[in-house]
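Asks: Given these sequences and hints, build the entire structure.
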Amino acid sequence: MGKVFRFNKDVDTDQIIASQYLLFPTIDEMKEHTFESLNSDFASQVKPGDFVVADENFGCGSSREQAPSVLKALGVKAVIAKSFARIFYRNSINIGMPVIVSKELYDVVSDGDEMELDLQAGLITVGDKQYACTKLPEKMQQILDQGGLIASLNQ
Amino acid sequence: MGHTLIEKIIGKKVGHEVKPGDIVTVDVDWCMIDDIMAPFAVQKFHEMGFSKVYNPDKIVLIYDHFLPATQVDDSRHFRVADEFAEKYGIKSVHRTDGICHQLMTEAGYVKPGDIAFGTDSHTVTYGCVGAFSTGIGYTEMAGILGTGQLWIKVPETIKVEIDGTLSGNVTSKDIILRIIGDLTASGATYQAIEFTGSTVDSMSVASRMTMSNMSVEAGAKCGLFAPDEKTCDYCRIPYDDEMKALRGDDNATYSKVLQYRAEDFVPVCACPSLVDNIKPVSELKGTKVNQVFLGSCTNGRLEDLRTAATILKGKHVADYVKLIVTPASRKIYREALADGTLGILSDAGAIITTPGCGLCCGRGGGILSDDEVVVATNNRNFLGRMGTSKVKIYLASPATAAATAIAGEITEA
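Chains as they are written, first to last, in our numbering: chain C, 14 to 168; chain D, 8 to 420.
Calculated from the structure, these hints are not laboratory results. The structure displayed is predicted, hence computed values, not measured ones. Quick reminder that beta carbons are idealized off the backbone N, C-alpha and C, glycines included. Where hints are given, some of them may not hold.
[Unchecked claim] Which residues of chain D face chain C? A partial, calculated answer using Cβ under 8 Å:
(1) Glu-147
(2) Ser-193
(3) Phe-389
Replies: Right, here's the structure in full:
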């Protein structure tokens, strides 16, 4: 089980990690500033296994791969949104972080809810309710299964 | 069955017909890496264990976001990129020439029909010459540097037809802002946009560049214009049968068709803090501004500077307003210097900076504080983009920007 951190539509990558932090030498130093302008407590409250749940168009804007990287570094298990901006989506898979499309979840969960995700079955459980979520295209699932693009290319 | 422009570009590259949804692996014509992402791409390249790049002549390194350096660690990025270029024989390194997305076509790299990827989301700009180009992350770029290939999904296409004549104070910036407003910030996600019609035909390549550049703000994978004689002049190639065939077929399948009359467009702004929050400039009149920014890969070209100079000639920016002008490239800077444009802007009180990304990425001169208002010709008005998260950014055309600088409040040209 993990906790839900809920975000609205059109969250851009500048909000996930602002440009002034991109030059910190490591992702671990950057991650303390994740979502700073939207929820300054996020980085201190999120625990490994928690979930980011969002409305449409999550991760729009700049191509910065640091955006999914800081979420992964904080232990976010998956981002589940109604839709994703394409560069964020590809970047997430390439660094080995699951990104799941669910048209329903955002509307039925609140901040702080507990939920569980079964990636293989494509199933989300919140309380006593279950929701189906979209599975990844085969090419992407393969990269994700191998732990990201680097591991995949090294095979 | 006909094909859209993107289907033709990808189909030609892979040697067989493609349709939306197909996943294909393409050979990449051009890789563009900017100074921000260079050290990260280099690190991932080494983690992947490559010992050489696929083709050093197809890789272009461009320093623009950090130029000139404003923070202590910035120059490390130049150094890492320089060392990489030297080690792997990469000759195309632009250290002070301007913004990457301006240079990739201006300096003669990307041509119609090419496929290019860059480590910046505004890589979509090269759609202005009928090339397929889009932004990727640095890990993916490292993969291309080693293999020369990338897998892509063939996108569906939204066709945007614009016919007629624009009024004098309306520019291609007003058009693309309105289209983003209509499509919304996610309305074209994973899709290509193809711009057609008599209005588009009569536009300069520079004006088209503004629209391709901002197509990503509607989520698009690319924003394409079929090449014509103007394109081929700009790219210094012949307008031959191959070029003429690079256009969407009449019987191609589009996911959506948007039709506009040029006469219906008015000057608009994208209001804080969403790119699709579009309002006519006339409704915003009276909004006081602290600063005006004219520049970026969206609107830092010679025609943009000239438009502003025409409006600012013999006038002066309002007392408390800072007008910052940043030409997109050294070539543009030199041309604007030679034809008197920069002189007019300087006489009017503009602060003219070195070519580069400047204020657009929130690092160059002109950072703003809480509750300040800026009218800017670039492409994003996200929270915190040009200073604190309480800065209000209005995106506008160069004409609106110039008129606003004089009045000290948002004003139609």
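Asks: Evaluate each hint against the coordinates.
Replies: Okay, the hints, checked on the actual structure:
1. Glu-147: 6 Å, holds
2. Ser-193: 3 Å, holds
3. Phe-389: Hint on D:Phe-389: holds, closest Cβ of chain C at ~5 Å, below 8 Å.
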